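Student: One letter stands for each residue in the lines below.
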Amino acid sequence: MEKRTDKNVYTILFAIAMVFVVGSLLAYTASSLKPAITENERIEKQQNILYAMGFNENEENTIAFVSTDTVAGLFASIVKEQLVLEVQDGKLIKEQTREEYMAANNGQEPYLIDVKKQQAQAKQGNPRKLPLFVSEHDGETLYVAPIYGKGLWDAIWGFIAVDKDMIVRGTFFDHAGETPGLGANIKQRYFMDDFYGEHLLTSQGVFKGIAVAKGNNDPKNERKEDYKVDALAGATITGDGVSAMIKADLGLYVPFFQNLNK
Amino acid sequence: MGLLSKKDTKLITDPLADNNPITIQVLGICSALAITAELKASLVMGIAVLFVLGVGNVVISLMRNIIPSKIRIIVQLIVVASLVIIVDQVLKAYAYELSKTLSVFVGLIITNCIIMGRFEAFALGNGPWRSFLDGIGNALGYAVILVIVGFFRELLGSGTLFGIPVLGDAIEKTGVYSTGYENNGFMLMPPMALIIVGLLIWIQRSRNKNLIED
Numbered sequence: 001m002e003k004r005t006d007k008n009v010y011t012i013l014f015a016i017a018m019v020f021v022v023g024s025l026l027a028y029t030a031s032s033l034k035p036a037i038t039e040n041e042r043i044e045k046q047q048n049i050l051y052a053m054g055f056n057e058n059e060e061n062t063i064a065f066v067s068t069d070t071v072a073g074l075f076a077s078i079v080k081e082q083l084v085l086e087v088q089d090g091k092l093i094k095e096q097t098r099e100e101y102m103a104a105n106n107g108q109e110p111y112l113i114d115v116k117k118q119q120a121q122a123k124q125g126n127p128r129k130l131p132l133f134v135s136e137h138d139g140e141t142l143y144v145a146p147i148y149g150k151g152l153w154d155a156i157w158g159f160i161a162v163d164k165d166m167i168v169r170g171t172f173f174d175h176a177g178e179t180p181g182l183g184a185n186i187k188q189r190y191f192m193d194d195f196y197g198e199h200l201l202t203s204q205g206v207f208k209g210i211a212v213a214k215g216n217n218d219p220k221n222e223r224k225e226d227y228k229v230d231a232l233a234g235a236t237i238t239g240d241g242v243s244a245m246i247k248a249d250l251g252l253y254v255p256f257f258q259n260l261n262k
Numbered sequence: 001m002g003l004l005s006k007k008d009t010k011l012i013t014d015p016l017a018d019n020n021p022i023t024i025q026v027l028g029i030c031s032a033l034a035i036t037a038e039l040k041a042s043l044v045m046g047i048a049v050l051f052v053l054g055v056g057n058v059v060i061s062l063m064r065n066i067i068p069s070k071i072r073i074i075v076q077l078i079v080v081a082s083l084v085i086i087v088d089q090v091l092k093a094y095a096y097e098l099s100k101t102l103s104v105f106v107g108l109i110i111t112n113c114i115i116m117g118r119f120e121a122f123a124l125g126n127g128p129w130r131s132f133l134d135g136i137g138n139a140l141g142y143a144v145i146l147v148i149v150g151f152f153r154e155l156l157g158s159g160t161l162f163g164i165p166v167l168g169d170a171i172e173k174t175g176v177y178s179t180g181y182e183n184n185g186f187m188l189m190p191p192m193a194l195i196i197v198g199l200l201i202w203i204q205r206s207r208n209k210n211l212i213e214d
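As given, the protein sequences belong to chains Z and P, one line each in that order.
Residue numbers for the first sequence follow UniProt numbering, so the first one is 1 and each next one is one higher.
Residue numbers for the second sequence follow UniProt numbering, so the first one is 1 and each next one is one higher.
So here's chain Z without its partners, still in its complex pose:
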């Protein structure tokens, strides 16, 4: 005798019921948790930007952001300006202050600009909006730019702090799904710290970027004007992704720094 659960009608009804139950369960979970998740992501973005600017609670080898309670206050006091640049075909066509940008965009803060969406916009030939966070601390001005690219499995992104000559003063990298122990190590101190002091421009002002290079023969990273940092073993494609996003995204800011130093 055929079992009840082998019948076609039963199978189809079961499948429909399952899709309905699982679908509503997931939809309910996602929508009810969304506000909390968005808030966490917003805080994280502020923590990332502050981290690149050198504000953290790091111990010797670990990465620790400023705590979630203090981040909003610190962000407000350290980040003096959030500029929004618009570039098209390598030219700077517009520069907005935070107030101007917020007035034109329903009060959206510039640091919440979605870099990924802006990349897609630029691909279609539209001008690209580039957020730039300016901090003043100890009499020094730093500029932090977000960058976004792809690693081996998924997205990678970061925040790079540079001074007015585009010398790197801090970095933060993160990833969505790189291999733990290999590509995921772009989030480790020893990788991020290597970028400190690296030059992005030649002395003539030509943008070179920073390549994540194998066989760099500079494990202590003493040469700061070679446009290279030491690669991670076993993470070639993630490393290439980091080189590529620095080159593509930071390169867009060059006109701004040229104007700055005129």
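Take these hints with a grain of salt, some might be off.
Now the stretches of chain Z that chain P is said to cover, found in silico as 3 or more residues with beta-carbon under 8 Å [as the list claims (entries may be wrong)]: (1) 8-17; (2) 33-41; (3) 108-115; (4) 175-187.
Okay, derived cross-link-like pairs now, BS3-like style, lysine-lysine, Cα gap no bigger than 30 Å in a straight line [unchecked claim]: (5) Z:Lys187 <-> Z:Lys34; (6) Z:Lys164 <-> Z:Lys117; (7) Z:Lys116 <-> P:Lys92; (8) Z:Lys187 <-> P:Lys209; (9) Z:Lys214 <-> P:Lys100; (10) Z:Lys45 <-> P:Lys173; (11) P:Lys40 <-> Z:Lys214; (12) Z:Lys247 <-> Z:Lys187; (13) P:Lys100 <-> Z:Lys117; (14) Z:Lys34 <-> Z:Lys208; (15) Z:Lys187 <-> P:Lys7; (16) Z:Lys214 <-> P:Lys173.
Distance windows between CB atoms, simulated [claimed, not checked]: (17) Z:Arg4 <-> P:Lys6: 41 to 49 Å; (18) Z:Thr70 <-> P:Pro128: 43 to 51 Å; (19) P:Leu199 <-> Z:Lys80: 57 to 65 Å.
If you're looking for bench data, these hints aren't it; they were derived computationally from the structure.
Quick caveat: nothing in here was measured; it's all calculated off a predicted structure.
Every residue, glycine too, gets a C-beta built ideally from N, C-alpha and C.
The hints should help you fit chain P onto chain Z, whose structure is shown.
Tutor: Just chain P now, kept in the frame of chain Z:
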């Protein structure tokens, strides 16, 4: 032995040794290769699988009499995928730091053949309590191998354990490195995980001849 009968105890202890999911059943090899370059990642993955396999086995076992056999694999996949996604979302909302650490494992857990393997081989034919024990036992057996492989790969590949340097400083040439010892970068590559798993299988079978198939 109040809590567990002898048969129930075997469900937990067997997968730790003579019926180990990785070395005997050859399940979950993919993730054993992928994430064992670091001890910490191995441990986190072990705990995540422990949770998913324990709960998943119970859910499948409770549903075992109503699942249509024609689409049972899809049903299993949906159960494990929804479980993992819900946990990931809850962690993102209430334990954001932890979710950042775990998020890379989410995909690995869903596609881990050890989960589907135990659903199919055990939970579909046994009651919830026994399925739960089977899930815990197999996940522990899996975690043990992962931690052993992770230990050797991180120690020999990076000279660290849990990210803490234990052999001295490779660049400043202190500790063991002063004798001319070098980290073996090849240990960080996935093939070396396969070789270590192979060595474990060799050791296990040489100690217990019953495991050798003709």
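Student: Now tell me if each hint is right for this structure.
Tutor: These are the hints, each one checked on the structure:
1. Given as covered by chain P, the segment 8-17 of chain Z passes the check, having 4 residues with a CB less than 8 Å from a CB of that chain where 3 are the minimum.
2. Only when three residues or more bring their CB closer than 8 Å to a CB of chain P does the claim for the segment 33-41 of chain Z stand; here the count is 4, and the claim holds.
3. Residue count for the segment 108-115 of chain Z with a Cβ under 8 Å from a Cβ of chain P: 0. That is fewer than the three needed, and the coverage hint is violated.
4. For the segment 175-187 of chain Z, the assignment as covered by chain P holds, since 9 residues bring a beta-carbon within under 8 Å of that chain's beta-carbons and 3 suffice.
5. For the proposed pair Lys187 of chain Z and Lys34 of chain Z, the alpha carbon gap of about 26 Å is at most 30 Å, so the pair holds.
6. For the given pair, Lys164 of chain Z sits about 27 Å from Lys117 of chain Z by alpha-carbon distance, which is consistent with the 30 Å threshold.
7. Between Lys116 of chain Z and Lys92 of chain P the alpha-carbon distance is near 21 Å, which keeps this suggested pair within the 30 Å criterion.
8. Only pairs whose Cα atoms come within 30 Å are accepted, and Lys187 of chain Z paired with Lys209 of chain P is rejected, the gap being roughly 45 Å.
9. A hinted pair counts as satisfied when its Cα atoms are at most 30 Å apart, and Lys214 of chain Z with Lys100 of chain P qualifies at roughly 28 Å.
10. Between Lys45 of chain Z and Lys173 of chain P the CA atoms are separated by roughly 38 Å; this puts the pair beyond 30 Å, and the hint is violated.
11. A distance of roughly 26 Å separates the Cα atoms of Lys40 of chain P and Lys214 of chain Z; the hinted pair therefore holds under the 30 Å criterion.
12. Simply put, Lys247 of chain Z and Lys187 of chain Z have alpha-carbon atoms about 19 Å apart, close enough for the 30 Å limit, and the pair holds.
13. For the proposed pair Lys100 of chain P and Lys117 of chain Z, the alpha carbon gap of about 22 Å is at most 30 Å, so the pair holds.
14. A threshold of 30 Å between alpha carbons decides the hint, and for Lys34 of chain Z with Lys208 of chain Z the separation of about 40 Å lies outside it, so the pair is violated.
15. About 46 Å separates the Cα atoms of Lys187 of chain Z and Lys7 of chain P, which puts this hinted pair outside 30 Å; it is violated.
16. Between the alpha carbons of Lys214 of chain Z and Lys173 of chain P the distance comes to roughly 21 Å, so the proposed pair stays at or under 30 Å and holds.
17. A hinted range of 41 to 49 Å for the beta carbons of Arg4 of chain Z and Lys6 of chain P is inconsistent with their spacing of about 35 Å.
18. One distance hint, 43 to 51 Å for the beta-carbon pair Thr70 of chain Z and Pro128 of chain P, holds here, with the actual separation near 47 Å.
19. Hint check: Leu199 of chain P to Lys80 of chain Z, Cβ distance near 58 Å, so the stated range 57 to 65 Å holds.
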